[in-house]
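**Q** Protein chains in written order, with numbering that gives the first Met the number 0: chain A, 0 to 275; chain B, 0 to 381; chain C, 0 to 332; chain D, 0 to 302.
These aren't lab readings, by the way, just hints derived from the structure by calculation. Careful, some of the hints might be misleading.
[Stated by the list, open to error] Now the stretches of chain C that chain B is said to cover, found in silico as 3 or more residues with beta-carbon under 8 Å:
| hint | region |
| --- | --- |
| 1 | 19 to 30 |
| 2 | 38 to 44 |
| 3 | 243 to 253 |
[Stated by the list, open to error] To list a few chain C residues with every Cβ distance to chain A over 10 Å, as calculated:
| hint | residue |
| --- | --- |
| 4 | Ser-34 |
| 5 | Asp-202 |
| 6 | Phe-287 |
[What the hints assert, rightly or not] Below, simulated SDA-like cross-link-like pairs (lysine to any residue); rule was C-alpha separation at most 20 Å, straight line:
| hint | chain 1 | residue 1 | chain 2 | residue 2 |
| --- | --- | --- | --- | --- |
| 7 | B | Lys-222 | D | Val-2 |
| 8 | D | Lys-186 | A | Val-180 |
| 9 | A | Lys-80 | A | Gly-226 |
| 10 | A | Lys-80 | A | Ile-21 |
| 11 | B | Lys-217 | D | Pro-95 |
Where is the CB? At the ideal position from N, CA and C, for every residue including glycine.
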Amino acid sequence: MSERRTHASGEIVLETSGLTKIFGGLIAVNSIDLKVHKGEILSLIGPNGAGKTTVFNTVTGIYRPEFGEVFFKNEKITGKKPHQIISCGIARTFQNIRLFPDMTCRENVMAGQHCRSSAGLFSSIFKTPFQRREEDMIREVAEKRLRQVRLWKVRDELAKNIAYGSQRMLEIARALASDPVLLVLDEPSSGLNPRETWDLMVFLQGLIREEDITILLIEHDMNVVMGISDWVVVMDGGRKIAEGVPEDIYADQRVIEAYLGKEEEDYGDYGATAEH
Amino acid sequence: MKKYVLLVSVLFLALGLGSVHAANDTVVIGLQGPITGAWAYEGQMAKQSCEIAADLINKKGGILGGKKIVLKVEDDAGEPKSGALAAQKLVAQKDVVAVVSTYGSSVCEPASNVYEKFKKVNIGYGVTAVRLTQRDFKYFFRTCGRDDSQGKFFADFVPKKFNAKRIAIMHDNTAFGKGLAEDTRAALEPMIKNKQAEIVYYDAITPGERDFRVSLTKLREAKPEVWYFTGYYAEAALLVSQARDIGITCPFVGGNAAINDEFVKIAGLNVAKGCYMTNEPLPGDLPYPEAKEFLDAYKARFGEIPSSPWPIYAADALNIIAYAVDKSGSTDSTVLAEYLRDKVDGAPGITGPIGFTKQGDREGVPFYLYVVDDQGDIVVSR
Amino acid sequence: MEQASFPGIAKIFSSPPLRITLITALFLIYPFLVSDYFIDIAFYFGIYALLGLSLNIVLGEVGLFDLGHAGFYAIGAYTTAILNTKFGVPILVLLPLSALAAALFAYVVFSPVIHLQGDYLLIVTLGMGEIVRLALINNPFGLTGGPNGVFGIDFPSLGAFLVVDSSLEYYFLIWLIVGLTILGLTRLQDSRIGRAWNYIREDETAANASGIDSRSYKLLAFVLGAALAGVAGNVYASKLMCVSPESFTFWESCLIFCIVLIGGMGSIPGVLIGAAFISLFPEIFRPFAMYRMLIFGSAMILMMMFRPGGVWPRKRGAVQYESLLGDTGRADV
Amino acid sequence: MHVILEQIINGLTIGSFYALIALGYSMVYGVLKLINFAHGDFFTLGSYLGYTVLVFGAALLTAHFGLWGALTAALIFAAVSLALVGLIVERLAYRPVYPAGRLPAVVSALGASIFLQNTIMVGWGPRFQAYPSELIPNVHLQIGGIHLSLLQILILVMSFLLMGLLYYIVQKTTFGAAIRATAHDRKTASLMGININKVILFIFTLGPALGAMTGIMVGMYYRQISFTMGWNYGLKAFTASVLGGIGNIPGAMIGGLILGVLEMLGAAYISAAWKDVFVFIILILVLIFRPTGILGEKVAEKV
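Using the sequences and the hints, build the whole thing.
**A** Shown next as structure tokens:
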């Protein structure tokens, strides 16, 4: 078994302990323990319905867990609202891209800075110097992130009018605009063509290299998972069934049974989601 | 671009259409009323009545030595804001000497403010709220009575007639109905103190509703000996039919808006007969030659006589304006207002001699108790 | 209304300072050219514009359906009417107080229901509007005068040197308020608050995940919208000198709703056009008497057929960054 | 005790009117997510058409087919006419604006409502119209202290029959399944081969036809109709459909009946004048605790 490559500091960014989420009678997430180390890319994989997205939603505050806790930088964040989570430093994207379709790309990215700014009703109406400075800052950040994902030239297009692949990148740019410590990506490569997927992998690796950032992602594309992950966690039926470095996971019999066997079917589904 | 210029100019042309300038040999009298909206039937009858009244005067040679009366109608849709706008529109036309305005006290209020400011005589025909004439306005008059005169009539006359001590009062939460109910209660106050009467039920129904069985059940449990409803005929007819359905048998007395031919039609003869109402003399009972002439002309043109009392007051408002213009020889509103207030006394009208108090109220509006007879006709109860 | 003509008009108004000057000049000159009747029509146009702008915050910016907006309008009007006639509080003092009363009401009523989705929130607003109207009719504590309403309301004045009591002065009062409101709202549109509202309208979940506390921002929209409607109520009450429940029906709420949709959701010029349509149309078609509402109804359908996004939809993109006053032209590099 | 029973029966009568009208709202909403503001006016128009048949054709019809024949003729005539009107309104006022989303359709619906209401005013005049009063024999029954009229019983029976019929159509037939499927998920339904246009046409014939028959029953029950009554009933019926869970057919029926009974009980034990306030407060409370109405499904959004 290979060693987990970790950041020099060995700091743990996100930790869940015994995380459990129940819908009606269904235990969607069953006592999951996760440790995300600083500076790594951790992939969460598993067949459809394994509970991956539910873990994300519970971590990012959309759901409240029935049992268990979530710690972010050693601070308990269990049960916080989504808008509080992002200001702590966890930014996310969605499985089915959720942009603000009738707003421009730039406005979409500016959303990320919302939690980093504070101008209120009156300073906005009277355009106080403070508010102007803050707006400038928001714009600068948005510009930086748009250039980073190479969407600056379409900044004034409506988000709904740009290509699907660009929409994926725009959503990532929006998340990045909040200056996150941890970036949580839900199937960022789904619906992308091989070329775009390749670009995405390069982009994510560059991000890790150049910024003080950690990435947690759900991914189906094994090429992506094997290509960029530092650590892989496998889920099935709400439980964690295995974890390890990509090479080990690739060879793990349980994983092959639970997950890889269903790969074909999964790709069929993506064909349908990629349409819109 | 051209299209928009065209469109805009057409619209403004349409706006201008209203202000047709009258020739010198006419006297223009305005009429403001609810031509559309929920009270449209009242407004349209008022319009018809005023047309007839103007025609009658014109046929007799007009006023001021041969000038013809021209009617200028503005719709206020029975809504306060439209009322103020309609008034504004009428005062903007300098040739309008005075205005017959309007139906509904809460519409009349803002409209009469406008008339007062622009010094234009305005005479209400379906506005009975007491407060309207307590504002020390110089230009506001009304040809109809006030809520409290009817309430007083009820107190003086009705309990004695039915030998009733337990009285139920029901109103419909409209400005008019509630006003009348409150004034009636106030008028009954002395009798209540002397233990000659007792109000066993006092509540409101909601107009526009169709089911009053709940209120009626409550009323039934209160065991009244006479039941006074101060709202309109539409609800009155439903009330009486439903009351009989659930076994209320005490005499029903309606206010002056409660009973008319429509009431009989909706309630059905079986239910309607024996229902009473307090009312100003109905058009057909008006003993005056003017009334007969007017009603004949109205019937000849529209096939029936007005089904509510208010249109007749509208016609009388027009009549008294014409009378004042003719006698004073002036079309100046200030002169007219002074003339109406001080000089008019016993001028001939469809609803009897017309005179005004210092506040602008009609002097001496008589009330009768009416009853629906076995043929479904509404006759004076003896 | 053909598409091609709009760029034509847009070109004339393309320079923001020129556009503002032109429109302001038009509004300043207009009342001196026409009779009081036309000034009054323009006054009610202003009232509807203010109501439209206030609803536009809730409906246009945040996308929340509010079919009870006349309720806030009523609360503003009745606060003014009651405090003025019973306690003699001056109208101008009541202007902020009416706004405050309506805002407070909105806050209290909507706090527990703000989480409701779409049409369920709509029915709550509708019910709220009806509750207000019915309460006014039922005359609680003898305050609202029942169906008669409250009468004898003063006109706005500041001592002896500023007295608003003629049609002309009311015209300037309302359009001054509308002008200031437009200025304020334009700036809000271009701020993090305005954007946050739009994010919620576009996708509430994504907005939450992007750090927007949608609950507070939705409440803020209702409170601000209610406050502006309260201001409209204040001016309306003092202009008419009396208020009665007939003016605040469900139908009135529907009209305000239509103003925003006819003009174009979230678009300030659109709201002005919608308000013009709603207030001028019935007046223009006065000569048609009982047929005018028939025409009005058909016109509404036709309008939605040919311009479903509204007559003047909000333009996004580069255009948006020059605010109406053109003072933030730093946008594009 | 008999008083409260009496009130409940009265409430059920008025509630069944609300329920029948609410069905029209709910069906259209379920399939199109459109609040069809013109629906209240369909109801009014039906009532006026029935009135015309009963007043002007009554003599002729009664002679040939008897009283029940005349009544049936009025019901059928109004239902068929309104089905046609519903189709025309759908084609002219709604269909052209669907593609633009649901909000323009709301304005269009309000426009259609104003148009219909004023058409009635111009056509029949602004005055109240009175239904013939001697149609149904005026028989009053007193069962254990409860006052009832024959007419009331007839109307209750008829409304429950109509509701039962609709329930059967929607829950038990293939076509009903198509409607429910479309209401549940329009896109998937159309992928599964359901002809959405047919469903839309169907709800726009069935809803107005039901409304028209309700209009006639209201006319017979209260004997008096006015061109503005559609607003009032429409508002209450719409409220009822939300109370039951909008888009849900049994929900609309239950919502209507509950609303009617609540209204009557509110009037009886609180105050007649405050009863609508009471009804709306109950509605808001229900929504606070059940945000999608009594029978409405909780829509868990997939994130």
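**Q** It remains to establish, for every hint, whether it holds in the given structure.
**A** Checked hints:
no., hint, verdict
1, 19 to 30, "violated (count 0)"
2, 38 to 44, "holds (count 3)"
3, 243 to 253, "holds (count 3)"
4, Ser-34, "holds (37 Å)"
5, Asp-202, "violated (5 Å)"
6, Phe-287, "holds (39 Å)"
7, Lys-222(B) - Val-2(D), "holds (14 Å)"
8, Lys-186(D) - Val-180(A), "violated (39 Å)"
9, Lys-80(A) - Gly-226(A), "violated (33 Å)"
10, Lys-80(A) - Ile-21(A), "holds (18 Å)"
11, Lys-217(B) - Pro-95(D), "violated (51 Å)"
Of the numbered hints listed earlier, those contradicted by the structure are 1, 5, 8, 9 and 11.
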